[in-house]
Amino acid sequence: MIAENVAHFARVLRSAGLAVGPDRVVAAVAALDCVGVERRGDVHAALSAVMLDRHDQQPLFDAAFDAFWRDPKLLEKLLMELLPRISGRGTRPQAPRSNRLAQALAPERDRPGAPVNPSASEEIRFDASFTFSDRERLQRADFDTMTSEEFALASRLAEELPPPVAPVRRRRHERAPRGVPDLRATLRAMVRAPHTLVPLTTRPRRELPPLVVLLDVSGSMDRYARVMLHYIHGLARRHPRLHAFTFGTRLTDVTRCLRDRDPDVALAAVGQRTGDWHGGTRIASCLAEFNRHWARRVLGANAAVLLVTDGLDRDDHGSLADEAARLRRSAHELVWLNPLLRFEGFEPRAAGVRALLPHVDRFLPVHNLASLADLRRALQAAASPRPSSRPWN
Amino acid sequence: MTDGADGAARRPSPASVDELAALLAAQDYVCDRSLATALFLALKLGRPLFLEGEPGVGKTELAKSLARALDALLLRVQCFEGLDVAQTAYEWNVARQMIEIRLAEAAHDVDRERLARSLYSREMLIERPLLQALTQASSPVLLIDELDRADEPFDAFLLEVLAENQLTIPELGTVRATAPPVTIITSNRTREVHDALKRRCLYHWVGFPDIERELQILRIRAPGASQRLSRQVVGFVQRMRGLDLFKAPGVAETIDWTNALVALDAISLDPRTVHDTLGVLLKYQDDIERLRAGDSDRLLDELRAAGALA
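Here the protein sequences line up with chains A and B, keeping their order.
If you read the first sequence in this note's numbering, its first letter stands for residue 25, the second for the next number, and so on.
If you read the second sequence in this note's numbering, its first letter stands for residue 532, the second for the next number, and so on.
The set of hints was computed from the structure by calculation and includes no laboratory data.
Keep in mind that a hint or two might mislead.
Stated by the list, open to error - Below are the EDC-like pairs computed for lysine to aspartate or glutamate, each with C-alpha atoms no more than 20 Å apart in a straight line:
hint, chain 1, residue 1, chain 2, residue 2
1, B, K814, A, D346
2, B, K595, B, D563
3, B, K778, A, E313
4, B, K778, B, E677
5, B, K575, A, D47
6, B, K778, A, D346
7, B, K575, B, D549
So that you can see chain A by itself, here it is in the shape it has in the complex (with noise of 0.2 Å):
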């Protein structure tokens, strides 16, 4: 009776997008055998020591359980109310692949690697003006409205271009021709073959830091945050310590949704999760709420920032500037990439721009498709020597 009503409690669960296998079932029949079901308060606690693994599931859990103990009919009625809150690994949204499948049906359109529009620059600048909004717009994001030569060039771009960071030296240690000698290396070498003695040693590993992206997905940034969020589901496939968050209004963590590895329902994911698309910007409120709730989350171990956004903002800069100068200082690395930025004669004059840039450690140009391209060389040429701005690293 117990094991009947606990398997059907986790199917709930389950089908709510928390991850509940059939082991957690099993140990949670036997979680009530310890405990009993005599105080609800009791089970409550134990099931939720078995079933949950992150904090924020709680919430999810508790309105599941309180359901759950008036009567199992009712959830299933509740639960079809939760479920678009939800979001986690198991509730993977069956996004269309139709554009590209349509795309690849009708193959006497332009195909990609054609060159980009040459009147692309001019059309984003006019872009780029004010288009704020100060009322949220809470529109989602159609990703569907991409074509197939954006969609391909961009993710084709995003695959290859590299992480906007050098790799520094973790305290993990790797094998290296020169270096520490590795004494236990060295001697278990030596039992292979008698008689020699080939010192082995270890030097520090160089790897990339974590890296976290916040990407401005605000109505003057569109074109480009969907750009980027190509180039950003390329880097967390590539990269697992990269956490990624939008912004517009209101800050959103995107991370798990770029976990698939097809672009498409992990850009649909992403739509999907962010409400403020194409709304405003208030940077200085978003940048306020990553510094209080996630930098000493996300910014652990020396994670470098990615902040990707232009800058035009109607937020109050006093508090811009602190906000950006507290995220640098917990930072290891802040690297802006701004589309509004050219290479020549780009002036910062927006209030947003002059309080953030005294902050950033490198400021680089994704302003279009042929920049994006560029990036991959500017971005080496940044990547060798750390610049002279914090002359004490």
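Given the coordinates of chain A, assemble chain B onto it according to the supplied hints.
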């Protein structure tokens, strides 16, 4: 890395949640029932307990108290980046191995097989906490503290120990636990620990205690404070956690602050004393400035209105 009575016989594990809570209370650890339930299950089901929560809510303290309550050996692994097998599980005593080789050479007794066997025998192994946890006569308490500070490869390495209570040493074979340890893992969430590891554990989020429990904790941990002062302190701190601070004060800070107030001979909270001692409670300059700028006076006014400062 170890403390507690070595090799002491272990008390039988508690038979109910209440008994466990009482055992912990006897060790001056006050925990709420859901935490006691999770811990009880960890003992009963033989699974590791994964504790997450804000700093200073008593995650590490729980493991220490549990070890005392069960009269078990406490083995502790403090995590940091680059932690590896040699520091946590075992290490070959390379110096001794070298001497062994030298001696064999000097005695002209280089039987390769025998030498290799003796070089990688159990005596040559230096046990570190994880391996020690598997080789005790009675179940120890294994505390893996602040796992989020270690890097990902260490998570993967832990899987075998946590799930199977065994450790595979390539040169020697597999060491199975004679008495499986009670494992407690803590994390401050400065990174997401891998799901594969969490799946093998029981999970519990340690939140801030409610007013009554925090008072109970103060009674035990700050015995010098009067009932009245404790009540005011808890009221103030609980209200403070409602503010949107960078770092809300944990229970550890509440205890420190109360002891600080007692040391200053304060018998009740007044604006001046609060201003002067905020640094005990808050560790971010922004937070301190914000409270000094007026929030602390407002909280005191609220407390007075609620009758707690009478």
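Here is how each hint holds up against the structure:
no. : hint             : result
1   : B:K814 to A:D346 : holds (18 Å)
2   : B:K595 to B:D563 : holds (17 Å)
3   : B:K778 to A:E313 : holds (13 Å)
4   : B:K778 to B:E677 : holds (18 Å)
5   : B:K575 to A:D47  : holds (17 Å)
6   : B:K778 to A:D346 : holds (18 Å)
7   : B:K575 to B:D549 : holds (14 Å)
Of the numbered hints given earlier, the model fails none.
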